[in-house]
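Novice: Each chain is listed here by its residues.
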Amino acid sequence: MMNPPSLLQAKSVEYRKTVLRIIKQANAGHTGGSLSCVDILNVLYNAVLNVSPATFGDPDRDRYLHSKGHSAEALYTVLAERGFFPAAELDTLCRYPSRLAGHPTRDVPGVEHNTGALGHGLPVAVGMALAAKMDGRTSRVFVLLGDGELAEGSNWEALMAASHYKLDNLTVIVDRNGLQISGPTEQVNALEPLAEKFRAFGLAVRSVDGHNLHQLLENFSQVPFERGKPSLVLAQTIKGKGISFIENQVGWHHHVPTDEEYAVAIAELEGQTK
Amino acid sequence: MNPPRPNLDIFADTLLELAQQDRDIVVVTSDSRGSGKLTRFGQVLPDQLIEVGIAEQNLVGVAAGLAASGKKVFAVSPACFLTARSFEQIKNDVAYSNHPVRLVGISAGVSYGALGSTHHSLHDFAALRAVHNLTILAPADNHETRQAILAAADSNSPLYLRFGKAAVPHVHPPDQPFAIGRAITARPGRDLTFVACGETVSIAVQAAELLAADRLDCRVISMHTLKPLDEDALQQAAEETHAILTLEEHSIHGGLGAACAAVLMQHGMRCGFKIVGIPDEHTVTGSQKEIFKHYGITAEGLAAVAKQIGGKSR
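Read top to bottom, the protein sequences are chains A and B.
Residues in the first sequence are numbered from 1 upward in steps of one, following this note's numbering.
Residues in the second sequence are numbered from 1001 upward in steps of one, following this note's numbering.
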């Protein structure tokens, strides 16, 4: 299960190439946000989560919830590569009548919950973590939130409950890329000071470089950060990470690359494997 | 027969009885254990009651997560908040994600009477009927309530149950069979049919009794399941009686009456037809009983409407 980060680096590049390819083919998708969470998903599915296609029905499996459902392309890419469904199916993204819709559903093997409307993943993750505690199971729950979706009040309701019930089997990951569809989060509806807010809600918070595979693995391996507290990983990320002209560009929230942009982007990514 | 009690009490007693035999039965409340008559449940089975505070969105999300992990979950909150504040959680996290949560809307309709429209749920049937993958139940009396809870506990699909907090007269004998989706004929009749649900069924029965004195033979159907609707019972009523009068503690828009009208029209059925419920206006202040009286939801009011729409007298 434990894959050293040095082996995972190449996977991140391949995942990014696949994300771009399927978005290009589908002529739809959320490019920036998928690229910002690829490294997190890479580490989770290749080195942290106790779940596989064979154990997906096991009540003791670890759960992953993709609350930022619009980054479905990243999730589909990683699930396919991990063998949850045939990789060839990725080519059907958003096509009639594919089960790979623009936001993930349980029709897709490996998906725990239907997401897409924001602010929904965390309350469900709290319910799953509670159930594991009630049954004395070892399973853990990981949920990935976009930073823009933190404006949804339901997240804060769920954080209060997570803390109240001392859910130290729950890890909340925030993909803090700083951008949302209309612009920088701090201009749209300021979130900072975010770490302090989470601490005030009773979580054990660590800020990590969300693209540093070593750091991600080290921190995910150390949950719970404090006994009796839910863990929060504030992953500092770059929206569009990996392709110079896509990085930190608001317009790439759901922009689909042109033929030329696609060729340049793939060439850039291939340069990273050399 | 035991004296009639609020359906809410029957719900709480039945649930405690079931949960004592099954540790996977879990109740989730949003500071609603008192209003849900679940205080005793919390005392007897504290490990099977999850309190989330006044946070209905979280209530439903947490319930979905528990259900996804194999718990048999009853999410209990006043119907007004449960079906409006957390509508998106019901739609996405329960129905669309197909996690079998039993959503329990307590003190439904105008049970809270004079507290005003913030506390009324006159929209819940309309809103939830349009959500795919959700069974909707509104039991009429203590017997139906108990049977509905037993059926809900056994069901493995998302479900919404609503009932009020006033004591309701018995409508059925204690051995009346009950199945989700199968309407119950509470009283046979050949002239006119009342199709009612929830606490209004007993009012329809009283109206039928009044009309019997006028030689009008009225059938009363308890349509305890609004979705899936028992279309056969409805068609039969349209064929065998001259008029149908629907009755519900809900807006006249989008509820039981609208559901029945759609079925009848699409089957080409022709009969007298009238929807009785809460009209589309700012609801008057008063107790449940006073509000019912104001809008003609009484035995006398219904009898008058029944005569107008032409249940033919023999």
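Hints are computed from structural coordinates only; laboratory data are not their basis.
Don't take each hint at face value.
Said to hold, decoys possible - Listed below are the simulated DMTMM-like cross-link pairs for lysine to aspartate or glutamate, each with C-alpha atoms no more than 25 Å apart in a straight line:
(1) A/K197 / A/D168
(2) A/K229 / B/E1281
(3) A/K133 / B/E1300
(4) A/K229 / B/E1290
(5) A/K11 / A/D91
(6) B/K1274 / B/E1231
(7) A/K133 / B/E1290
(8) B/K1091 / A/D107
(9) A/K166 / B/D1024
(10) A/K166 / A/E186
(11) A/K133 / B/D1280
(12) B/K1091 / B/D1154
(13) A/K133 / B/D1154
(14) A/K24 / A/E89
(15) A/K229 / B/E1240
(16) B/K1227 / B/E1209
(17) A/K197 / B/E1051
(18) B/K1307 / B/E1290
(19) B/K1274 / B/E1300
(20) A/K17 / A/E186
(21) B/K1091 / A/E260
(22) A/K133 / B/E1017
(23) A/K166 / B/D1047
(24) A/K133 / B/E1051
(25) A/K197 / A/D209
(26) A/K24 / A/D168
(27) A/K166 / B/D1031
(28) A/K166 / B/E1051
(29) A/K133 / B/E1231
Novice: Quick check: which numbered hints come out false for this structure?
Specialist: Result: hints 2, 3, 4, 7, 10, 11, 15, 16, 20, 21, 26 and 29 break, sorted rising.
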